[in-house]
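Sequence order for the protein chains is F and W. Just so you know, we're using my numbering here: the first sequence kicks off at 2 and counts up by one. Just so you know, we're using my numbering here: the second sequence kicks off at 2 and counts up by one.
In case anyone wonders, no lab produced these hints; they're calculated from the structure. Since the model is a prediction, treat every value here as computed from it, not as a measurement. Mixed in with the good hints, there may be bad ones.
One side of the interface only, derived from the structure: several residues of chain W facing chain F at Cβ under 8 Å [as the list claims (entries may be wrong)]:
#1 129
#2 360
#3 403
Simulated pairs of lysine-lysine, DSSO-like, Cα-Cα distance not exceeding 27 Å [said to hold, decoys possible]:
#4 W:228 with W:80
#5 F:305 with F:405
#6 F:405 with W:12
#7 F:305 with W:305
#8 W:80 with W:224
#9 F:305 with F:353
Here are a few chain W residues that sit away from chain F, every Cβ distance over 12 Å (derived from the structure) [to be verified]:
#10 60
#11 76
#12 80
#13 117
#14 228
#15 267
#16 270
#17 277
#18 295
#19 305
#20 331
#21 336
#22 366
#23 405
All residues carry an ideal CB built from backbone N, CA and C; glycine is no exception.
There are 2 protein chains.
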Amino acid sequence: MAEESYITMPKGFKANGVSAGMKCPDRANINPDIPKNNYLDVGLILSDTPCNVAGVYTSNLVKGHSLVRSMDIIEGGNKVRGIIVNSKNANAAVGSVGIEDANSVASHVAECASCAADEILTASTGVIGTRLPVDKITGVIPELVEGLTSDAIGAHNSEFAMMTTDTVPKEVSACITLSSGKTVTIAGQAKGSGMIHPNLATMIGIFTTDADIDSTLLKSMLKEAVKYTFNRVSVDGDTSVCDMVVVLANGASGVRIEEGSEDSDIFAEALRGLCEDIARMIASDGEGATKFVEIEVYGAATPKDANLIVTAVARSPLCKTAFFGMDANCGRILTAAGYSGASFDPEKVDIKLSGLLVYHDGVATDFDEDEAARLLHEHDIKVEIILKEGDCYDRMFTCDFSYKYVEINGSYRT
Amino acid sequence: MAEESYITMPKGFKANGVSAGMKCPDRANINPDIPKNNYLDVGLILSDTPCNVAGVYTSNLVKGHSLVRSMDIIEGGNKVRGIIVNSKNANAAVGSVGIEDANSVASHVAECASCAADEILTASTGVIGTRLPVDKITGVIPELVEGLTSDAIGAHNSEFAMMTTDTVPKEVSACITLSSGKTVTIAGQAKGSGMIHPNLATMIGIFTTDADIDSTLLKSMLKEAVKYTFNRVSVDGDTSVCDMVVVLANGASGVRIEEGSEDSDIFAEALRGLCEDIARMIASDGEGATKFVEIEVYGAATPKDANLIVTAVARSPLCKTAFFGMDANCGRILTAAGYSGASFDPEKVDIKLSGLLVYHDGVATDFDEDEAARLLHEHDIKVEIILKEGDCYDRMFTCDFSYKYVEINGSYRT
Numbered sequence: 002m003a004e005e006s007y008i009t010m011p012k013g014f015k016a017n018g019v020s021a022g023m024k025c026p027d028r029a030n031i032n033p034d035i036p037k038n039n040y041l042d043v044g045l046i047l048s049d050t051p052c053n054v055a056g057v058y059t060s061n062l063v064k065g066h067s068l069v070r071s072m073d074i075i076e077g078g079n080k081v082r083g084i085i086v087n088s089k090n091a092n093a094a095v096g097s098v099g100i101e102d103a104n105s106v107a108s109h110v111a112e113c114a115s116c117a118a119d120e121i122l123t124a125s126t127g128v129i130g131t132r133l134p135v136d137k138i139t140g141v142i143p144e145l146v147e148g149l150t151s152d153a154i155g156a157h158n159s160e161f162a163m164m165t166t167d168t169v170p171k172e173v174s175a176c177i178t179l180s181s182g183k184t185v186t187i188a189g190q191a192k193g194s195g196m197i198h199p200n201l202a203t204m205i206g207i208f209t210t211d212a213d214i215d216s217t218l219l220k221s222m223l224k225e226a227v228k229y230t231f232n233r234v235s236v237d238g239d240t241s242v243c244d245m246v247v248v249l250a251n252g253a254s255g256v257r258i259e260e261g262s263e264d265s266d267i268f269a270e271a272l273r274g275l276c277e278d279i280a281r282m283i284a285s286d287g288e289g290a291t292k293f294v295e296i297e298v299y300g301a302a303t304p305k306d307a308n309l310i311v312t313a314v315a316r317s318p319l320c321k322t323a324f325f326g327m328d329a330n331c332g333r334i335l336t337a338a339g340y341s342g343a344s345f346d347p348e349k350v351d352i353k354l355s356g357l358l359v360y361h362d363g364v365a366t367d368f369d370e371d372e373a374a375r376l377l378h379e380h381d382i383k384v385e386i387i388l389k390e391g392d393c394y395d396r397m398f399t400c401d402f403s404y405k406y407v408e409i410n411g412s413y414r415t
Numbered sequence: 002m003a004e005e006s007y008i009t010m011p012k013g014f015k016a017n018g019v020s021a022g023m024k025c026p027d028r029a030n031i032n033p034d035i036p037k038n039n040y041l042d043v044g045l046i047l048s049d050t051p052c053n054v055a056g057v058y059t060s061n062l063v064k065g066h067s068l069v070r071s072m073d074i075i076e077g078g079n080k081v082r083g084i085i086v087n088s089k090n091a092n093a094a095v096g097s098v099g100i101e102d103a104n105s106v107a108s109h110v111a112e113c114a115s116c117a118a119d120e121i122l123t124a125s126t127g128v129i130g131t132r133l134p135v136d137k138i139t140g141v142i143p144e145l146v147e148g149l150t151s152d153a154i155g156a157h158n159s160e161f162a163m164m165t166t167d168t169v170p171k172e173v174s175a176c177i178t179l180s181s182g183k184t185v186t187i188a189g190q191a192k193g194s195g196m197i198h199p200n201l202a203t204m205i206g207i208f209t210t211d212a213d214i215d216s217t218l219l220k221s222m223l224k225e226a227v228k229y230t231f232n233r234v235s236v237d238g239d240t241s242v243c244d245m246v247v248v249l250a251n252g253a254s255g256v257r258i259e260e261g262s263e264d265s266d267i268f269a270e271a272l273r274g275l276c277e278d279i280a281r282m283i284a285s286d287g288e289g290a291t292k293f294v295e296i297e298v299y300g301a302a303t304p305k306d307a308n309l310i311v312t313a314v315a316r317s318p319l320c321k322t323a324f325f326g327m328d329a330n331c332g333r334i335l336t337a338a339g340y341s342g343a344s345f346d347p348e349k350v351d352i353k354l355s356g357l358l359v360y361h362d363g364v365a366t367d368f369d370e371d372e373a374a375r376l377l378h379e380h381d382i383k384v385e386i387i388l389k390e391g392d393c394y395d396r397m398f399t400c401d402f403s404y405k406y407v408e409i410n411g412s413y414r415t
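Bound-form chain F, shown alone (with noise of 0.2 Å):
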């Protein structure tokens, strides 16, 4: 990962964020004590010219409008020019006006950016059921594209724009050096800090390259990037119907990159490393979190065995609690591992904290409380489970539970 990260740095891309008065319903009255970017609600990502693009989309069997047209645009083939994100608002279980809404704001961009309104896709977070303002939307894109640029800070706020509960901007970057010498550059940015579990695509994550690639290429990078990575993420347990991860590909460097070629291997392994920083950053930034959480499962059956354990200990709402207490309380460990279905015998299990055994054989180590408080007073906690039942692995990536997810998602709405 570069130093300094922004979704503009592969050649051909300029990005811009504004604010549509979404989070400051007032725009002549904004509180000068709070930083501008905290009121940025609109974000655009273009390219300079058409893009292949891969995408991979939220399981829940609700999805949001602006995440289905957008599926229906990358699924049916076509090029895209780029994508508009907002968030506040995630254009969702509002019926057959969804759709209208965000074709209204896609063509307000493709008018203004000279394309086709099916180049633009489309994303929204934020709550759901309430009807997009389209009208806020559309007044500030002549400013929104207008500020299109390729430095750092349109590509900043572009990432402020989709921010719901993030704390921190989430933005990655590689530059990567081809077989042939030549190199290619990927960056990404996203937003997600609650509601957010695995099953198939999390939160949104937008990534782009100045590669050659096509798009049937792309979409199975994608989808192996995505697995251990996004897919392995779990802030709450729960899924959104807005997640998205896309990347738009626009062949600026004139780099070709060929399926089977050893520089499409170097080009997933980077991606697919920009997908996990991003996940870890994800999980580091959940809604209240004080500890990032890596859950760990080694020596499986199967690798659904080792899946259920970890997702089992990532969503125990005790086992998070007492990572936020920096309790070394790990009978709830294996207590979440004995009821997540997984078949093991538990009178074979070793669980580690941060490198200290503290159960060995099923049974509870006489292990030293200083040291397990000091490991737990880390930031970084990481747990292995080992059922030396066969060699499968599987790992999550958590956080803890505090008052302050509490305090965040009992407001949130209102």
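Go by the hints and put chain W onto chain F.
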């Protein structure tokens, strides 16, 4: 349910609860400002004569040693005289000494009560992975047996001794008139507040009856009774390693209940009703709960779909924090239904919040926010999800997620 209920209301049962110093480390130094009940940590319920017994147990792969010992006795078809329960320590995940410790406790009771050790069931609840303080417990067993009484006070003390983070005792009873005009009595008590989720049996529940019923009939009645009661309570989605519900039938009423008889139906329905009463009490007294929430699904295509949805909504931290915040954020309910794994058409779903229609055909209605706020300020909240796919129904009792839950569970062990 009777006005006052206690476990020794059926004929021929006695109970008592004492302090072995587990809830208060220094028995000599009890804080006079804390009610004495709060220090009780060992309870005993004993029948004058041997009882037929039936039990249901946690589905967790990891099972506490006291529980495993009781399962062996019950499933071995033995008659029992009673059950000793302790709180503060789960007697789980400590290795082979766990069974020995449970045996030792039971042997001491048997000696004082002049019965066989395998006529005494054992149940333990509390922290996992720490050895049971056997000496403390056996040291108070003479006092415990000596003080056995059929009065309400002994019964209440045995209930207090089971409680962990429960804030109220949970006791029920029913006097049933059978077809012959004769009466039998059933009574029950339970502990359970956190680590509760339906997965075959939950928490610790003990029922007594003076009816004369065979173990096999009792078992089939109990299994049926817990299905939509104890197995439909979720506080936090966690399933403990110590859960069990047992029924002891000593026949002291002299009234025989035969399989397939009308009386059998009357008795089964009374038992089911008492299980439901306790299930509601447990959800209401969920750790940190400020709300009792009943989730109902109507019109599902299959029973499994109905169950997946009630489970997903009851587990969703986002829904539960919204109930705590009294926020009519019903998009979260639709979202949870959508990711539950159930099959349904999101565009046909209606959702009612305590009777108020908030979603119609998958679209948020223009409901009265003041009315919604008023309904959410009630202690009891009902969520009805109507799918219009078929005629299957399910329900779940749950509670909200509060700051207090985080506080209790961030510091439970230490």
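For each hint, the structure was consulted:
1. Taking 8 Å as the C-beta cut-off, the interface hint given for residue 129 (chain W) holds, the closest approach to chain F being about 3 Å.
2. Against a cut-off of 8 Å between C-beta atoms, the interface hint on residue 360 (chain W) holds, since the closest Cβ of chain F lies about 7 Å away.
3. The interface hint given for residue 403 (chain W) holds, since its Cβ lies 6 Å from the closest Cβ of chain F, which is under the 8 Å cut-off.
4. Note on residue 228 (chain W) and residue 80 (chain W): the hinted pairing holds, with a Cα-Cα distance of about 25 Å set against a maximum of 27 Å.
5. Taking the CA atoms of residue 305 (chain F) and residue 405 (chain F), the gap is about 33 Å. The hint is violated against a cut of 27 Å.
6. Restraint check for residue 405 (chain F) and residue 12 (chain W): the C-alpha separation of about 51 Å exceeds 27 Å, so the hint is violated.
7. Taken as a hint, the residue 305 (chain F) and residue 305 (chain W) pair is honoured in the structure, with Cα atoms around 21 Å apart against an allowance of 27 Å.
8. As the CA atoms of residue 80 (chain W) and residue 224 (chain W) are separated by approximately 19 Å, the hinted pair is consistent with the 27 Å bound.
9. Using a Cα cut-off of 27 Å, the hinted pair residue 305 (chain F) and residue 353 (chain F) holds, with the two alpha carbons roughly 21 Å apart.
10. At the 12 Å boundary, the C-beta of residue 60 (chain W) falls inside the reach of chain F, the nearest C-beta of that chain being 7 Å off.
11. Every CB of chain F is more than 12 Å from the CB of residue 76 (chain W) (nearest about 19 Å), matching its label as outside the interface.
12. At the 12 Å boundary, the C-beta of residue 80 (chain W) stays outside the reach of chain F, the nearest C-beta of that chain being 30 Å off.
13. Non-interface status of residue 117 (chain W) relative to chain F is upheld: no Cβ of that chain comes within 12 Å, the nearest being about 28 Å off.
14. Residue placement check: residue 228 (chain W) keeps its beta carbon more than 12 Å from all beta carbons of chain F (closest about 18 Å).
15. Interface exclusion of residue 267 (chain W) from chain F stands, the closest Cβ pair being 35 Å apart, more than 12 Å.
16. For residue 270 (chain W), the non-interface assignment is confirmed: its Cβ lies about 30 Å from the closest Cβ of chain F, beyond the 12 Å cut-off.
17. No beta-carbon of chain F is positioned within 12 Å of the beta-carbon of residue 277 (chain W); the least distance is around 23 Å.
18. Chain F leaves residue 295 (chain W) outside its interface by the beta-carbon criterion, the shortest separation being 20 Å against a cut-off of 12 Å.
19. For residue 305 (chain W), the non-interface assignment is confirmed: its Cβ lies about 15 Å from the closest Cβ of chain F, beyond the 12 Å cut-off.
20. With a closest Cβ-Cβ approach of about 7 Å to chain F, residue 331 (chain W) is found to fall inside the 12 Å limit, against its non-interface label.
21. For residue 336 (chain W), the shortest C-beta to C-beta distance to chain F comes to about 5 Å, within the 12 Å cut-off, and the non-interface label is violated.
22. At roughly 9 Å from the closest C-beta of chain F, the C-beta of residue 366 (chain W) falls inside 12 Å, breaking its exclusion from the interface.
23. Its closest Cβ contact with chain F, about 9 Å, brings residue 405 (chain W) to no more than 12 Å, contrary to its assignment away from the interface.
Consistency note: the structure conflicts with the earlier hints numbered 5, 6, 10, 20, 21, 22 and 23.
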